[in-house]
Every structure is written in C-alpha cells, then in structure tokens.
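Colleague: Chains A and B supply the protein sequences, listed in that same order.
According to the working numbering, the first sequence is numbered sequentially starting from 1.
According to the working numbering, the second sequence is numbered sequentially starting from 437.
The set of hints was computed from the structure by calculation and includes no laboratory data.
Heads up, some of the hints might be wrong.
[What the hints assert, rightly or not] Interface residues of chain B toward chain A, partial, derived using beta-carbon atoms under 8 Å:
#1 Leu-464
#2 Thr-468
#3 Phe-556
A quick note: this is a predicted structure, and the numbers were derived from the prediction, not measured.
Using N, Cα and C, we set each Cβ at its ideal position, and we do this for glycine too.
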Amino acid sequence: MEFNIKKMLKQNKFQHVIHDSEKISGTFLTIKDADGNLVYGNDVQESVSQCYPVEVNGSVFCWIIGKEPVGNILPIISNLINNEFEKRCVSEDALEKYKEINLLYNFSEKISSCLDLREVCGLVLDEAKSIIKCTSGTVVLRDDETGEFEAVKLFRSDDNLNALNKIGLGIEKSVIAKGSGEIINDAISDPRFDGDSGKVKAMICSPFKTKNKVCGAISLSHNAHIMYEARDLKLLNTLATQAAAAIENAKMFEDVRDSLTETLNTLMEAVEMLDQGKHGHCSRVTKYALMLGEGMKLSKKELSLLKFSALLHDIGKIGLKPNQMEKHPVMGAQLLKHVKKLKDALPAINHHHEKYDGTGYPDNLRGAKIPLGARIIAVVDEFDHLFTDNFSNYRTTAAEMRKLAGNKLDPELTEKFLSIYGKHIEAINEKIEKMG
Amino acid sequence: MKRSKKWVEEGVMQRILIVDDETHIRILLKQTLEDFEDSNVEILTAENGRKAIEVIKEKKPNLIFLDVMMPEMNGYETCQKIKKELKVNAYVVMLTAKGQDVDKQKGLECGADIYITKPFDPDEIMELASKILEL
Chain A
1 MEFNIKKMLK QNKFQHVIHD SEKISGTFLT IKDADGNLVY GNDVQESVSQ
51 CYPVEVNGSV FCWIIGKEPV GNILPIISNL INNEFEKRCV SEDALEKYKE
101 INLLYNFSEK ISSCLDLREV CGLVLDEAKS IIKCTSGTVV LRDDETGEFE
151 AVKLFRSDDN LNALNKIGLG IEKSVIAKGS GEIINDAISD PRFDGDSGKV
201 KAMICSPFKT KNKVCGAISL SHNAHIMYEA RDLKLLNTLA TQAAAAIENA
251 KMFEDVRDSL TETLNTLMEA VEMLDQGKHG HCSRVTKYAL MLGEGMKLSK
301 KELSLLKFSA LLHDIGKIGL KPNQMEKHPV MGAQLLKHVK KLKDALPAIN
351 HHHEKYDGTG YPDNLRGAKI PLGARIIAVV DEFDHLFTDN FSNYRTTAAE
401 MRKLAGNKLD PELTEKFLSI YGKHIEAINE KIEKMG
Chain B
437 MKRSKKWVEE GVMQRILIVD DETHIRILLK QTLEDFEDSN VEILTAENGR
487 KAIEVIKEKK PNLIFLDVMM PEMNGYETCQ KIKKELKVNA YVVMLTAKGQ
537 DVDKQKGLEC GADIYITKPF DPDEIMELAS KILEL
C-alpha cells in the first residue's frame, strides 16, 4: 500500500500540528523519510540535532529531526501519522470492495442476457482475470453426450497460444468431480496436477454447478509463488455460479434451436419427395439465399428468418393437386401461420412468386413492395432451376439470369448474387487447379 | 457526454470539489482521485451545499461531485444554484444513494451532467474524471 509522506504532510491537520509544535517548542522541525530524503523543513546537520524515528507497523516510516524539545512532540506526531495510516488501510480496503461489487453487478447484467455458449465462457474468463490476479486461465466444459472434457476458452499472458504446451486438466477434473472450488497454492506438489509446471505455481479453481449437475469449471493460475486467499475463492465461486446458470440456459436454447432445425429439415424433405427430380432443391436454395443474405450484411435475426423462409418456401405444395400449383405460395403461408416462431417468415413464403414488374402472383406486388425475403428467394430459386435442372454452365446461367433482371427478378439482387456466386466458383476452380 | 463542451480552461488550475455530508464518502472519493494531485489538480471537499457554494465562488472548481441527501441545502438545490443561478462552468456529477428513476430525472432537470449511484465504481469515477479533466 502506497503511503506518500510528502502528500500526507501537506494536509492541513499536519501543517497545524507541526507549526504549533514549532511555536511551542521554539525550534524548527526537519522531517526525512525512511531513505533519508528531505520531506519537510530545512536540511540540518544531524550531529547538532536529535533524530527521532516514527514507527508505523513495526518499521521506521520517517525521521523527525530537531533540537531536544522535539522529543516531547514526537508522540503527538507519531499518533497522527499512525492514525492516518490506519484510516488509509480501511479506505483502501473499502475501495477495493466497491470495485468488486460493481464488477459483480455489471457481470450479472452481461451474463444473464447471453445465450451463446462460447460467449458465456469468454465473458466469465474475462471478468475473472480482471478481478483476480493471474497469468493464465482456462474454462473447461464437459460434453453432455460423450462425457469428454474440452478446454473451451484459454488465456495465457506469457505464451503464444498457437504453440500451446500441454493443457493439463487434472485439477479441473477433480474439482468438477468434487463439486466445490479449491485453492492450490503449490500446484506442482499436488498429485492431481498434470499441467506445465514451468508456468503454474499457484492455482484457483471453481466448478460450474447448477442444482445437482456440474457441467464444467473455470481455473486461474499464476506463474509466480503467490497466495490465493479465501476471498479470491469466494469471488470466483460467485462468478462460476452465475456462469453455470447462463451455460445451462445457452445449452437449452441450442437444444430447442437444433430441434426446430431438424423438424424443418424433415418437412423440407417431405416437400422434395413430391417433386421428383428436385431432390436437394430446398437445401440449395437455402444455401444460396444465405450466401446472398450474408453478402448483404443482414442481421443475425434477418438471416435466421431468411433461412426458415427458404427451407419452407415450397411447403405449400403438400396437399395440392398438380393443377393447383399456383396456389402453393399462399398455401405455404396458410399452413405455417399457426407456428408462432415462423410468423415473420411468412411474407417471404407468400410472395416468392411475385415478379419485379408486378405481373406475379398472388398479389401483383411490384418492385420494392415485394418483401425482401421473397425477392431473395425468387432470385436464388430461379438460379437453382436454371443451373441445376438445365445443366447449364455458370456463364450461360448468369446470362439467362441477367435477361430476367428487371422483369421477373430484382435487378440489384440478381447482380449481387451473381457476383457472390461467381467469386465462389472462382475460388473452387483455384482449389481444383492447385490439386491438379 | 457532449464532446463539444470543454470543461478545461487554458492556464487555469483544475480543481475537483467533493460535496457530501458523510465523512467516509469524502475520504473514499478523495482517495480514489488522489493521483490527479500529481498532475497539479487540487482536490477540495465540502460537507454541505451551503459550504460548497462558498468554495465554488472562491476556488471555481471545474469538476464537482455532489451528493443529494444533505442537511440545510440538498443536492438538487445546490445543483440548481450552481448551474442556473451562478452559471458556473463546471461538470456536475450527482453521486447519490437515491435510486428511483424519478430521482434521476429530477437530478438531470436540476442541471446535473451525469447521475451516478452509490456504491460508486472507483474505476468508473477515475475514467470519468480523466475524460473531463483531459488528463
């Protein structure tokens, strides 16, 4: 803890005491710090004056130098200095607690709104290493299906992450099995430790525990012989508990999302079974639509909706006779209208057969009045028909597409998609040449 | 934070004023900000609104931390006086334990430049002071 004597002596209360003492004793005071530097008064020859040490916490803090009467003032000044020191200790402690509390408040807010698994792990590691001193850290998760452990996030302040030394997870696994956090200030002597003994001297580790399950752990370590204390563990446990809840949320969210995707894929295959020869059409259209969407820098949410619309754009064909196919966009929207999650994807499905010049169906919408998703699907749907069904080469297909730009298809989107797909083809050709 | 407004005047010594009736808050805030003393910034304290106004008139601080719940003259009244009556060019941070939205609204209406709740975050205070004092 820093305790600057010069600054302290500048305070009014010290100035008053020193001046009054000088008046009363009729002498001048000189004060030097523990290293002998002058911090108050004029420099005097130490042989003609007395040097009185002021002790704080068992060691000499400063010297008060002056003629003999100074000895009487010494206790007063010493008391003042010691009080000041005590006050400072208390306030430093309080300020540190203020910092911790605020960090925890901010962390709570951030992590509770996080649904991405890896992001949660990154967040808890960043927060932990900013509060607790360490030179490396690891977040470990256990795979629910395989039971295997994986180091999901790493932090190494003194290593090139690419040239990773052996990542030992011995302590982490033990903490996960036990279900409670631990401090190991001499990691090398611990039989469970199997990491790099050159880089780890002290370790602290907390499990991600919810209800009855432990799904992983976070560990921090230091390459110097420091001592982690109980309050460090309390802090790490607090962060780990919150992270555990967020991880569980993230996993559930992923499960739900995966189930939804699997169900939709099944529906999509059902549609393709109706149209023999169109096998793979819906998945290709989805792939192309996402390529275009990403090229247009659509948001995550917009891309997700686009994906659903593209996967299911032809679903209306189920339940229609061959001569009723013109109804399939409207039918598709009708079929899906009860699925709340897909509500925002319906316009794209409903209107994917509109034409840019307004001569399409069902509503003769024109230009920008056609929902963006529908215009995107129209472009990539057409592309797939021309490219796959007619076995054209890319250049011919692109030329055919350009003929339709402006009347059937949105001209801007058409160009954009062709440029993106063109680059994609070039990249593939390059790879083939390299292999050849 | 409005970037266009400067709170630092060329050639004028910078001063921070801490106004709070609670001794421990004055001590903690002063300790949080004490490194600025090395950059020739003077840190002053006052224990209520009335004394704060006296200090402001005499020393003209350019950064003021102002508590709300104080006897004699509370933070709202003090802020009004500083900003609307005396029209002092100082950045006023209302630092308070009062947490309701309506309290914050009132603070901003009285002219506070920013409203921060207790317990304050020492790092946030340092960052804010660095920005305002341009240090």
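Colleague: Quick one, is the Thr-468 (chain B) hint okay against chain A at 8 Å, beta carbons?
Modeller: Hint holds; Thr-468 (chain B) Cβ to chain A Cβ min 6 Å, cut 8 Å.
Colleague: Close enough to count: is the Cβ of Leu-464 (chain B) nearer than 8 Å to one in chain A?
Modeller: 6 Å, holds
Colleague: Does Phe-556 (chain B) pass the interface check with chain A, least Cβ-Cβ distance below 8 Å?
Modeller: 6 Å, holds
The structure fails none of the hints (numbered hints given earlier).
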